[in-house]
Every structure is written in structure tokens, then in C-alpha cells.
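Next come the chains, spelled out residue by residue.
Protein chains: 4
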Amino acid sequence: MSVEQPRYPTSIGTSDPDTITLLGQNLAEDLMGRISFGELAFQLTAGRRPTPGQLRVFDTVLVALADHGFTPTAIASRLTLLSAPESIQGAMAAGLLGGGSRFLGVTEDTAKFLADTLAGHDTPDTDEGWDVLAREAIRQQRAREQLVPGLGHPVHKQQDPRTPVLIRIARESGTHGPHLALFEAIGRVAPDELGRALPLNGAGVCGAALADLGLPIELLRGYALLARAAGLLGHLAEEMRTPIAHDIYRAVDRNADYADPPTDGPTPLTE
Amino acid sequence: MSVEQPRYPTSIGTSDPDTITLLGQNLAEDLMGRISFGELAFQLTAGRRPTPGQLRVFDTVLVALADHGFTPTAIASRLTLLSAPESIQGAMAAGLLGGGSRFLGVTEDTAKFLADTLAGHDTPDTDEGWDVLAREAIRQQRAREQLVPGLGHPVHKQQDPRTPVLIRIARESGTHGPHLALFEAIGRVAPDELGRALPLNGAGVCGAALADLGLPIELLRGYALLARAAGLLGHLAEEMRTPIAHDIYRAVDRNADYADPPTDGPTPLTE
Amino acid sequence: MSVEQPRYPTSIGTSDPDTITLLGQNLAEDLMGRISFGELAFQLTAGRRPTPGQLRVFDTVLVALADHGFTPTAIASRLTLLSAPESIQGAMAAGLLGGGSRFLGVTEDTAKFLADTLAGHDTPDTDEGWDVLAREAIRQQRAREQLVPGLGHPVHKQQDPRTPVLIRIARESGTHGPHLALFEAIGRVAPDELGRALPLNGAGVCGAALADLGLPIELLRGYALLARAAGLLGHLAEEMRTPIAHDIYRAVDRNADYADPPTDGPTPLTE
Amino acid sequence: MSVEQPRYPTSIGTSDPDTITLLGQNLAEDLMGRISFGELAFQLTAGRRPTPGQLRVFDTVLVALADHGFTPTAIASRLTLLSAPESIQGAMAAGLLGGGSRFLGVTEDTAKFLADTLAGHDTPDTDEGWDVLAREAIRQQRAREQLVPGLGHPVHKQQDPRTPVLIRIARESGTHGPHLALFEAIGRVAPDELGRALPLNGAGVCGAALADLGLPIELLRGYALLARAAGLLGHLAEEMRTPIAHDIYRAVDRNADYADPPTDGPTPLTE
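So the protein lines, in turn, are chains A, B, C and D.
Using our numbering, you'd call the opening residue of the first sequence number 127 and step up by one each time.
Using our numbering, you'd call the opening residue of the second sequence number 127 and step up by one each time.
Using our numbering, you'd call the opening residue of the third sequence number 127 and step up by one each time.
Using our numbering, you'd call the opening residue of the fourth sequence number 127 and step up by one each time.
Treat the hints as calculated values from the structure; they're not laboratory data.
There could be a bad hint or two in this list.
Now the in silico label distances, taken between C-beta atoms and shown as ranges [claimed, not checked]:
no., chain 1, residue 1, chain 2, residue 2, range
1, C, G179, B, Q284, 39 to 47 Å
2, B, T389, A, E298, 50 to 58 Å
3, A, R175, D, A269, 48 to 56 Å
With a cut-off of at most 20 Å between alpha-carbon atoms, the simulated SDA-like pairs for lysine to any residue come out as follows [stated by the list, open to error]:
no., chain 1, residue 1, chain 2, residue 2
4, B, K283, C, T145
5, C, K283, B, T147
6, B, K283, C, S141
7, B, K238, C, E212
8, C, K283, B, R380
9, B, K283, C, E212
10, B, K283, A, K283
11, B, K283, C, K283
12, B, K283, B, G321
13, A, K283, A, E298
14, D, K238, C, K283
15, A, K283, B, G321
Far from chain A, by Cβ distances over 12 Å, these chain B residues were calculated [what the hints assert, rightly or not]:
no., residue
16, E130
17, R160
18, H194
19, L223
20, K238
21, Q266
22, R268
23, Q272
24, L273
25, E319
26, A371
27, D383
These figures come from a predicted structure and were not determined experimentally.
For glycine and all other residues, C-beta sits at the position ideal for the given N, C-alpha and C.
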């Protein structure tokens, strides 16, 4: 049979008996002990080395997104470790699977919204110019009957403490760009456009900051997941030391209210 | 390059433009509408068709194992649907990942223990013979300082209601074999050998029953997972109708007691 | 502190020392040995017992969807068993995680499309009436520049062998309803509306059939996943007997073509 | 009802409207822009801040473990992204689920083996003392008919290029301790004890190095998984740019050799 074998092109890495090549560099000689894990994560995904300023912002974002306490993902992770203690990879995976639209979506949703707005417009060069663009973006979103991503936070109702710090660090690092500029403008005009003061959500600022680093929008949830992987490992470490998952499980089980299902079919779905 | 292409042998299925073949049969003509889902699951994994009696026991086991209320797996599944409502496959997968040693292990552990005991012994042909083998198995387990799998249940302290029913159905179906016989004998002699009355755990009986169907021991946790997949789908359906996952999450978050970590390192791991 | 404890209502099941209740019935006395696994799956998710006709169609759908050979999901499942043989739950979960939009979406997408079309229209009572509704649905979809879900199949270019069988069984079982009627009409008018003959995709017919059973559209991918869980277990059983995953892995690794990444950034993303 | 509400102690983090506290520090003021992601991962799991030397070794290990080309985990991850492109968290989770005993076990297995050997022995203070302990460890392992973890590599048959670099960096950083000392001794005596020269596996050296940082042995696979999460994100980024997963899938499907299952049952399992 003369079917050609497929070839699988890659630029991540290769090995031979004496050398491990990673991203065009010698892993043992050029990378180990010379770059941080964060820098490698940047290179692996962006296809280029970060400048020191870009790396500082990237690290800042990952640090900001790593943990949020007893989130549904952390709880699911700890429950899975309780049930399958022999499989820490199962517990980490179960936690990451909660990294979906509801709690981990704001980083990518915000960046996508900003990027879509910026496409097809010249970049403003004054604050007023940014405000005009911001107003237009908010109004279009309202016309679609959709919320503006990245505005508001369930706990930090006045200001998300991460927001001013990340913006400052982006400026200091020379990476403050159009996504952050537009997001800040949205923050300025939102009270007037929406009738309420809504703080810029820190995870949304993270999305804008990553986009200003030139990182692909399609990958932004992945960075949030990488950050969260560290947070989950922290929860699993704590679960091994001072376990709570069994108490969580028993608290649900003990407070269950069982009632026979109705004979005429279930409550209709909330659509 | 003259490297041979690998070939991938399979006996599960194949398609051509007009026919789908599954396990040597025509899916559309021989299987659809002619066999149940349970029967297909048996065939897919056992490599043979079940007799009616074997199918009845197989269905009974899957029905017995499908759901156990608010288990850690059901809770993790519901929390994941809350966080990533767009990915029902993530929610099911997260639930299945809790199907590990702690809560889903008894079916396979029991079967393995029984199978290991039976190997290398002639099959007894009297109750007394079974009792002798059972005593030997219990004593060997105690000598290894290990528990006998399948004995006891946290809730059903007198008798697991599933146990007598499954044993009866196995007898009625002609599939009652050495694994069940040995497990029943273990139940008879355990009070004397262990000093306490411990009921035969229903999930353990399921393992014995599946082993008596000739199903591979290595696969038994997989059958429990298949059963649990149906249970999880039930929980997800209920979560969509009458959600509780957000309340579970908030109850944990609200009852968190944060304390700064000790400066001299964490509490040592419980080993 | 006088915060009320949350309660968690459920109609799935509960246990006490003597009884396991499942869906308002006694598991040991009413369900074990009396209903099949497929029937339990229906009850767990639909909140009601199926009629014999409904159960036959439900089983037929699950049998039709259980396996499709070496799909990306089956391959991922087998690769995961190779890497983590001690965790069959990880292998099953990894396989199910591929049950997303690209290969497992047609069942729910078709049902949703049909349901959306049926909403807000009186049910036609002649074939001509159905054809009119079908043409309208196709034209609306084309106006949105979207494909009509459920039409066409990469292998079965003339007719999907599952399609006529499932439609016949639905008629025989008395469950043939508006979703199937509309889908058949779409099949009739599609050559004229689209300029090409496209067969009704069997997985799409499954979606229409499940919708005609009154099962919730939001849950349809879940049924496909349950079916696929059985198929994956079959692949894992086969992998344990006659492994191929290591050959798959080595075939990819051996045919890798490594090239250093470009120094001016990666190839732009395909958006 | 006077059941006390459970409390859930944690030392990871907490929030109030103005402040996010993480590990006893103010996230926005003390951590963002001040510590790297790798340093946060260390703190989250170890419960203490790393010294600069410890952080350097930690980063080196994560960089060494992040990627190994087209591993089964990378392939599974890419196949899952192909099938469910809307769920990057599913693709990452599927990849991590392959992080089990077969390909990701050597790091923790080596550390555990070294730690078990060191427990119950005084720490030697000469190379000869280490060699004696190493010989004893190897002989005990052979008596148990088990392999010594961390010896040998399928590709790097003479020397794993990561090994000397990591050992040097550990010495430079002041973290070279008993685990590394014992592992190096094992490397010295292995040719004599085992009759073959086997290089110290780089992933095994990583385990020894992490153990010498005082990190919990139970968590070591977790660090390998965190590292691998970055590698998987790199593969997913590449898959989005220059996809190969569809070719991998088709290559398997096209080279499938279907044969009807034997009528007398399947090939017995390889045990």
C-alpha cells in the first residue's frame, strides 16, 4: 500500500540521546536554571521570549488569578481527592473542569470584547477619544441586550484591589496598551452610561493586560487555568494536611431533603 | 523511508458507506431495536452475548450501583455544571473522576479478593467446604493486617437491602457461582472470625455477581462507573431543574475560617 | 450565630438503615431485577417511567450512539489508560471530555433546531404542511449563514443506515412525533432547497427521536455521553486485551517533524 | 434543629470588599508584581516562602518537567481540543489525566524510594557511607523483585542531559541534600550491583531535588502535573495555529483492521 505516512510538524521540542531541545533551545544548557517557570509558560504559548517587562506583567496576572478561596472548582477538587486519593491528577483535572464560562470566563470575555471593539477602529490618542470609543462599545452591548464583560464584582463593590495594582505594573513595565486603555475608559464612562458605578473586575483587567502582551485571545482561558492549577495544588496540599472535604460531603448529605418525584413529571426546566 | 505503517486491530466496529458493523453484527439490522443498552454494554466489554439470565443479573447490578444520593461525586458533578454550564461532558467527567478507591472501590476490591482466594483452591462442594475456605481467606487477610473487602456498610449496619435480592436473582438466573458462594460463606463465618456481625455490602455482592458472570476483574470498576454515569446524569438533570450547587458552594464559602498560615511551616502531613 | 442551615431538596434517592429509596421506589424490592439499566437511566433523567414503546426507542438510540470506532474520544481514552493504567475512571473521563460540539454535537444541535422551529408554529397535519415548515426552517438557517444540523454524513453519503431503522421503530413504538416528522420533511425538501441530496444523519435522527420522547433538549448531549460511556468501556476492555495505544503514541512521536520556532513570532492563529 | 454548622478552616485565602488576603499576605500589595508565579506555587503548597536558592531549584524542576514532545498526554489533549474546541479546560484536563503512574510516576516514585531508604538510617557523612546505603537500598529492591525507580531512560541511554545540570544547580543553590546524595550514590554503585550502567533519569533527579527542598512526597506528582499543565497549554496553542490532531485521528482510523470478534469469547486478558 502506498499511502504516505502523515508527518506531524511541531516547534515545541524534540530529543535525541544527548540533547533535549525545547523551543529551539537546549533545555539543559539554555533553560534549566536560567529561566523561570512563568517565562517558560510564556514562551511555550506565545512562541517568543518575553521582555522583562512582559514577564513581570505575565507573572502578576498568574499570581492574581491563582486562587479565590473555596470556589466550586476548589471544592470539587478536594471532594475528588477524598474519593480517589490515589489519583491526584484526577483531583486536579476535576477542579480544572469547573474552569468554564461562569467563574473563569471573565478574563477571556473581557479581552474578546475589548479586542472586537478595537478591531475596525483607529486607536484613539486622547482620553476623550478613548471615552468616545468606550461609550460606543457600551451602547452596542446594550443594544444587543448583553452585559459589558469585566464590570462589577460580587464582593469588591467599590474597587477590586487587583485593578489599580495591575494597571500600574503594566504602565511601569511598558506593556500598557489599547486593551487596558479602552478598559479604563469603559470604567470612566460606565457610571454615566449605565447609571451605576461598577468597578473594573480584576480578572477582567487581567484579560486586558494579557491581550496587551499580544497573547492570543483564544488562549486566555488557558492562562487562567494554568494559574488555577497552582491554586488547586495548594488546596490539595491543604486537604492532605487538614482535610475538610469529608465534612463538606456529610454536610450536604445530612441536609438533604428527599421527596418522592411528582407522578406527573418533573418541574419544568428553567430555560 | 520504508518504515511500515502500524496497523490497529479491533473487533469493536467498522463502517462503510452502507453498513455499520458492531461486534460482528449489523448495527442497524441486528442490534437497533433488538437489544437493550445494557445488553450492548455487556457485549462491548465481555466480547460475547449474554444469556437472558446473565443479562438480568447484569442489569440488576447496574441498577443497584447507579446512584447513592449526594455522594462526593454527585456533588462535584453538580458544582462543575454550575461553573461550566456549557459543558455537560465536563460535569459528567468531573463526577466520574471521584470514582476511585474510596467510594467506588468495594465492587472490584471484593471481586479481586474472592478471585484471588478461589485461585489455587479446588471449588468446595458443601457449605462446610465453603466455610473452611472463607475462614482461611479471612485469616490470611488479618495476617496481612488488612480489612476483608465487602464487609460492613456505614448505613446498613444490620443488612444491606441489596444483598439478599441480588443473591436471589443470581440463583434464579442460574449465574450464582463460586464468587457469590465464597462471599456468602464469608458472611456466615465473619461474626465468629472477627468478633462482630458485619453485613455483606451490596456493592461487594455486585462485584461477586459480576465475577460469576465471567466478566474481567480489571474492568469491574468500569461497570460501576458506567452505572454511576446514569446516576450522574440524573443529578445533572435535577440540577438543571432545581439547582442546589450554588447553595452548596456558598455554604462552604460562608463557613470558611481563614487563619494566616503558621510562620514555621504547615501542620505535618497525616500519613 | 443564627444563620439557617441550607437544605438541599432532591427527588433522586435516600437511604435509611433498612431501605434504599430511589425515585420514590424501593430499590431492592421494586427496581432490582425488575427494570433494565436503560429504563433506570430514563427514569433518573426524565422524572417518569417510560412506556414500553418509549423504552424501546430509548434503548435503540443509546445502542445507535454507543460507538463509532476509533474516534478521537476512543483514542484519547486508550492513550490515558496506557499512561495511567491504575485509573480507569481517568481513562473514561478523558474519553468523555471529547464529547463536545464537533463530534457529539449533532444529536442535540438537531433536536434544538427542530424544537426551535416547532415553537411558535401550529403542528402541521399533512405532509405538505410539514414540507412548508421544513422549507421555512432551511431558508431561515441559510439566511443566518448557518448549516442545517443533522444533514449529511462524512461516510454514509447516500443514506445513513441507522436512519430508516430508527424512524420505523419510533413509528412501531407510537413515539413518532413532530420532531421526527419535521426532520423527515427536511430530508424530503433539502435536495430542492440546497441543491444537493444530503442524507439524514443517524445521530441527528437520534436527537429528534429523543425529543419526541419528551426528554429535555438541554440533556440530550448527556444521553449521547451515557451511550458513549459504554462504547469507551468497550475500547478500554479491548485495550487491556490487545493494546494499540502505545503504537498510536509511537507512530505520532516517530513521525514528528521538529523545526525551531520562527524568531519573529508564531504563525498567526486561524480565526 | 440544633446541629452545629460545620466550619472549614483554611490558610490559603480570604476576601473582604477591600482586600484579598492570600497566605497571610495582601495579594494586591505584597504579592502582585513582587513574586513570580513559580514562587506563589511554592508558597501555596509548601506553606512557606522559598529562599532564593530554593526557588531557583524549584523553577528548574518545573522547567525540566514541563514538556516531553508528543507524549500520550499531549496527544490526548490535542485530540480533545479537536473534538470540543469550545472547552479548553476539557482539553487540559484530558491531558492531565494521563499524568499517572506510567509516564509521570518516576518523579514521585524515586523520591519515595529515596525517602523510605533514608528513614531509619543515620545520614552518612562520606561518599563511602552513601555508597553503602545505596547498595543496601538496591539489594532490598531486588529482593522484593522490584526495579529501582529513577534508573534508566528509553532515549538517553548514556546520560540524561538534565541530570548533571540539576545536580549542579542544587549544589550552587545550597539545596543539595540527602535525597540527591543518595540518588547520586545509587548511580555510582548501580553498574556493579545491577551489572549494567543505567543513567540517573532526569525526572527522577527532579523528585530527589524536590524532596531536598522539603516538599511533601505526597504532592510531588502534583508539581509534575503543574509543570505539564504549561506544556499542555503550549501544545494547545500550537494545535490552534498548526493543527495535527485531525491527522492523528484519521491515521488511526484509516489503519484500523477490523475483524469480527471470536465466537468463543475474547482473547484472555494479559495480567
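Structure-based check of all given hints:
{"no.": "1", "hint": "C:G179 - B:Q284: 39 to 47 Å", "verdict": "holds (41 Å)"}
{"no.": "2", "hint": "B:T389 - A:E298: 50 to 58 Å", "verdict": "violated (30 Å)"}
{"no.": "3", "hint": "A:R175 - D:A269: 48 to 56 Å", "verdict": "holds (50 Å)"}
{"no.": "4", "hint": "B:K283 - C:T145", "verdict": "holds (11 Å)"}
{"no.": "5", "hint": "C:K283 - B:T147", "verdict": "holds (17 Å)"}
{"no.": "6", "hint": "B:K283 - C:S141", "verdict": "holds (12 Å)"}
{"no.": "7", "hint": "B:K238 - C:E212", "verdict": "holds (14 Å)"}
{"no.": "8", "hint": "C:K283 - B:R380", "verdict": "violated (57 Å)"}
{"no.": "9", "hint": "B:K283 - C:E212", "verdict": "violated (31 Å)"}
{"no.": "10", "hint": "B:K283 - A:K283", "verdict": "violated (51 Å)"}
{"no.": "11", "hint": "B:K283 - C:K283", "verdict": "violated (59 Å)"}
{"no.": "12", "hint": "B:K283 - B:G321", "verdict": "holds (15 Å)"}
{"no.": "13", "hint": "A:K283 - A:E298", "verdict": "violated (26 Å)"}
{"no.": "14", "hint": "D:K238 - C:K283", "verdict": "violated (57 Å)"}
{"no.": "15", "hint": "A:K283 - B:G321", "verdict": "violated (61 Å)"}
{"no.": "16", "hint": "E130", "verdict": "violated (9 Å)"}
{"no.": "17", "hint": "R160", "verdict": "holds (29 Å)"}
{"no.": "18", "hint": "H194", "verdict": "violated (10 Å)"}
{"no.": "19", "hint": "L223", "verdict": "violated (4 Å)"}
{"no.": "20", "hint": "K238", "verdict": "holds (15 Å)"}
{"no.": "21", "hint": "Q266", "verdict": "holds (23 Å)"}
{"no.": "22", "hint": "R268", "verdict": "holds (24 Å)"}
{"no.": "23", "hint": "Q272", "verdict": "holds (16 Å)"}
{"no.": "24", "hint": "L273", "verdict": "holds (16 Å)"}
{"no.": "25", "hint": "E319", "verdict": "holds (29 Å)"}
{"no.": "26", "hint": "A371", "verdict": "violated (7 Å)"}
{"no.": "27", "hint": "D383", "verdict": "violated (10 Å)"}
Hint compliance for this structure: hints 2, 8, 9, 10, 11, 13, 14, 15, 16, 18, 19, 26 and 27 are broken, all remaining hints hold.
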